[in-house]
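*Asks:* Using the sequences and the hints, build the whole thing.
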Amino acid sequence: MDMLGYTLKRMAISVLTLLLVAAITFFLMNAIPGSPFMTEKSTPQQIALANAKYGLDKPLIVQFGNYLKNLAKGDMGVSLKMQEGTSVSKILFGQGKFVLSMKIGLLALLVAVIIGIPVGVLQAYYRGRWIDNILRVITTMGIAMPGFVVATLCLFEFGVTLGWLPVQSNSLETFGAYVMPVLTLALNPMCRIAKLTRTSMLDSISQDYIRTANAKGLKTRVVLFKHALRNSLIPVITYLGPLTAGIITGALVVEQIYHIPGLGNYFVSSILNRDYPVIMGTTLLLAALIVIMNLVVDIAYKIVDPRINITKKGD
Amino acid sequence: MNNEAMNQTSEKKMTAAERAAMIKNNKILLDVDGLKVTFFTHAGQVKAVDGISYQIHEHEVMGIVGESGSGKSVEAYSIMGLLQKPGRIVGGKVTFDGEDLLAYSDSEKREFRGNKASMIFQNPMTCLNPVYTIGDQLMEALRCHNKEISKAEARKKAIEMLELVGINNADKRIDQYPHEFSGGMRQRAMIAMALICSPKLLIADEPTTALDVTIQAQILELMKDLQRQTGMAIIFITHNLGVVAEICDFVTVMYAGHVMEQGTVDDIFYNPAHPYTRGLLRSMPNLDDEKGKRLIPIEGTPVDLLDPPKGCAFGPRCEHCMKVCLTKQPPMVTVGDDHKSACWLHIKEMKELSSGEVTK
Ligand SMILES: Nc1ncnc2c1ncn2[C@@H]1O[C@H](COP(=O)(O)OP(=O)(O)OP(=O)(O)O)[C@@H](O)[C@H]1O
Ligand SMILES: [Mg+2]
Chain A
0 MDMLGYTLKR
10 MAISVLTLLL
20 VAAITFFLMN
30 AIPGSPFMTE
40 KSTPQQIALA
50 NAKYGLDKPL
60 IVQFGNYLKN
70 LAKGDMGVSL
80 KMQEGTSVSK
90 ILFGQGKFVL
100 SMKIGLLALL
110 VAVIIGIPVG
120 VLQAYYRGRW
130 IDNILRVITT
140 MGIAMPGFVV
150 ATLCLFEFGV
160 TLGWLPVQSN
170 SLETFGAYVM
180 PVLTLALNPM
190 CRIAKLTRTS
200 MLDSISQDYI
210 RTANAKGLKT
220 RVVLFKHALR
230 NSLIPVITYL
240 GPLTAGIITG
250 ALVVEQIYHI
260 PGLGNYFVSS
270 ILNRDYPVIM
280 GTTLLLAALI
290 VIMNLVVDIA
300 YKIVDPRINI
310 TKKGD
Chain B
0 MNNEAMNQTS
10 EKKMTAAERA
20 AMIKNNKILL
30 DVDGLKVTFF
40 THAGQVKAVD
50 GISYQIHEHE
60 VMGIVGESGS
70 GKSVEAYSIM
80 GLLQKPGRIV
90 GGKVTFDGED
100 LLAYSDSEKR
110 EFRGNKASMI
120 FQNPMTCLNP
130 VYTIGDQLME
140 ALRCHNKEIS
150 KAEARKKAIE
160 MLELVGINNA
170 DKRIDQYPHE
180 FSGGMRQRAM
190 IAMALICSPK
200 LLIADEPTTA
210 LDVTIQAQIL
220 ELMKDLQRQT
230 GMAIIFITHN
240 LGVVAEICDF
250 VTVMYAGHVM
260 EQGTVDDIFY
270 NPAHPYTRGL
280 LRSMPNLDDE
290 KGKRLIPIEG
300 TPVDLLDPPK
310 GCAFGPRCEH
320 CMKVCLTKQP
330 PMVTVGDDHK
340 SACWLHIKEM
350 KELSSGEVTK
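First to last, the protein sequences are chains A and B.
Sequential numbering from 0 applies to the first sequence in numbering that gives the first Met the number 0.
Sequential numbering from 0 applies to the second sequence in numbering that gives the first Met the number 0.
Calculated directly from the structure, the hints in this document are not laboratory data.
There is no bait here: all hints are sound.
To list a few chain B residues with every Cβ distance to chain A over 10 Å, as calculated:
no.: 1; residue: MET21
no.: 2; residue: THR40
no.: 3; residue: HIS41
no.: 4; residue: SER52
no.: 5; residue: SER104
no.: 6; residue: ALA153
no.: 7; residue: LYS155
no.: 8; residue: MET283
no.: 9; residue: PRO284
no.: 10; residue: ILE297
no.: 11; residue: MET331
Distance windows between CB atoms, simulated:
no.: 12; chain 1: B; residue 1: ASN145; chain 2: A; residue 2: ARG306; range: 29 to 37 Å
no.: 13; chain 1: A; residue 1: TYR5; chain 2: B; residue 2: ALA15; range: 58 to 66 Å
no.: 14; chain 1: A; residue 1: ASN132; chain 2: B; residue 2: PRO330; range: 47 to 55 Å
no.: 15; chain 1: B; residue 1: GLU147; chain 2: A; residue 2: PHE224; range: 22 to 30 Å
no.: 16; chain 1: B; residue 1: GLY241; chain 2: A; residue 2: ILE302; range: 40 to 48 Å
In this text, a Cβ means the ideal position worked out from N, Cα and C, and glycines have one as well.
*Replies:* Quick look at the structure:
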């Protein structure tokens, strides 16, 4: 199969994945009893009226069909409750929430990769020595500790006791405000990447082509980072897909703890408020991000290793 | 003697003996003196190379033969500074072109590797980095020793080298990845890479072992041609005596980290002095042999280097083994012009000779 055919097929699969995500989210969220308009004061008539206004009185399958029809036109509906009447696309993209979350997420991803990979390389090079042992303990701890624990500890230590960094990050106006949320979010994936890199580097540096590279008289730095690392990147790249998902879910927690008015924070509130269109819109947006990341991963494979033929089946 | 003269004389198809005689008057390029390499493993000390000495003259092709595990590769890695932990050079001297290799700093070692001496390996399928193009790997070898050379010049030189080692369409092939090359072509590319900085010495560690027979012959022929063209010295490591006869001027026979016998190709093939060498020759098929003649393997198993015998390393497997062989290591005895052998039999013969003379 050629590259174009492959790309088309991958895109079709991506759309199908998103449809599936939409369906599951839609029916699950409606399976929970109650409605967005149910409050202590509202009468059954009021609820029925509101339901009718937003079409929530129709059978579920019809509602879902309508949602998809509108979605195809680029209309994600309006918020039912949190910002009643405001269109979901405006909430997602127009109010800076998504940008804020993207900033933290991308920074965390960058930090995880930029620190995690060299740490893994260092560990592999000094395997079994004290530096490797210390880093191994740290990375294991980083993987074992949940984000909210790290966040709470950070808040207490750097925010309260030492007072170095702001306790509430809010809209991330200052550099200092970024530090704790990004590091909290990056810690776990960073340690995972370090471990993955270490393992696959250990395999690479015992390969014959590394001996060849040394026999040429290359500097150790070049041998490690050019010859060994590139061959070790496949497992790390494979992890980038799940990593994106992990950062997105991590952001839900981190934004809550640091009081960042980002998408994650809003997403949680939308679920608590039963704001159906907002839940749907956010879920689809995040799912799309993960799908795109997986596409990027496939292309990255090909760039890193010329032997990989992503368009061929069963390789 | 200079390279030109060497070339001209080689035009006239020198015999092996003539070549050997010329070469031994050349300047000494590499002098290995009592080299000892030990691996410090959990199980104990493995004395992989236990005091070997030899000299390589300029333009010389020396074969190192010996069974698997005799320390051929370890010895070569030590010279190149490629020895991996837990291996360590624990004794001896290595002098290259008058410089003490073992005293080199790390950066001097890097400068030496690939530039003054380079090395090719057994398995060309795994020795090239799969994720970089052939050209990239060739140019890198050149540019890491020659910082001034531009990318374009390096590429030109790389194409030249590929043509030199007999790769067709070099200007297209240079942008291909190793997996697009066959085994023989990869070994050619390895040779091109090793020679791109015009080293004075090439160490070839079983460069043909992993290839099929016809390709083996081609690569051997190529190496011989290139040696005659460039005049570099070659250390040719192999356990195939046939290959030795094909390309080498001198031969060093190794066993269990010791040198057993050294001499010219003719000495080793037509007048082997050491029982181990004779054993090797008997276990090798030969076209001239009469039909139905059996190959005779060397009995027993190679030495356990963790617990080597006190005397001659080959003693326990030797058909001529005497008492002294099991208790004391034999000295290196000169048995011919350039011919040395480490065996107690020679001492015994000498004693008999001299006592015979006395009684006469
Ligand atoms: N990393 C190591 N740790 C311990 N012992 C080693 C190590 N590398 C090599 N040796 C020992 O050194 C000895 C010599 O090995 P070497 O590879 O030089 O043999 P060789 O003559 O090249 O054999 P072959 O023909 O199989 O390549 C072997 O007996 C081996 O046990
Ligand atoms: Mg070997």
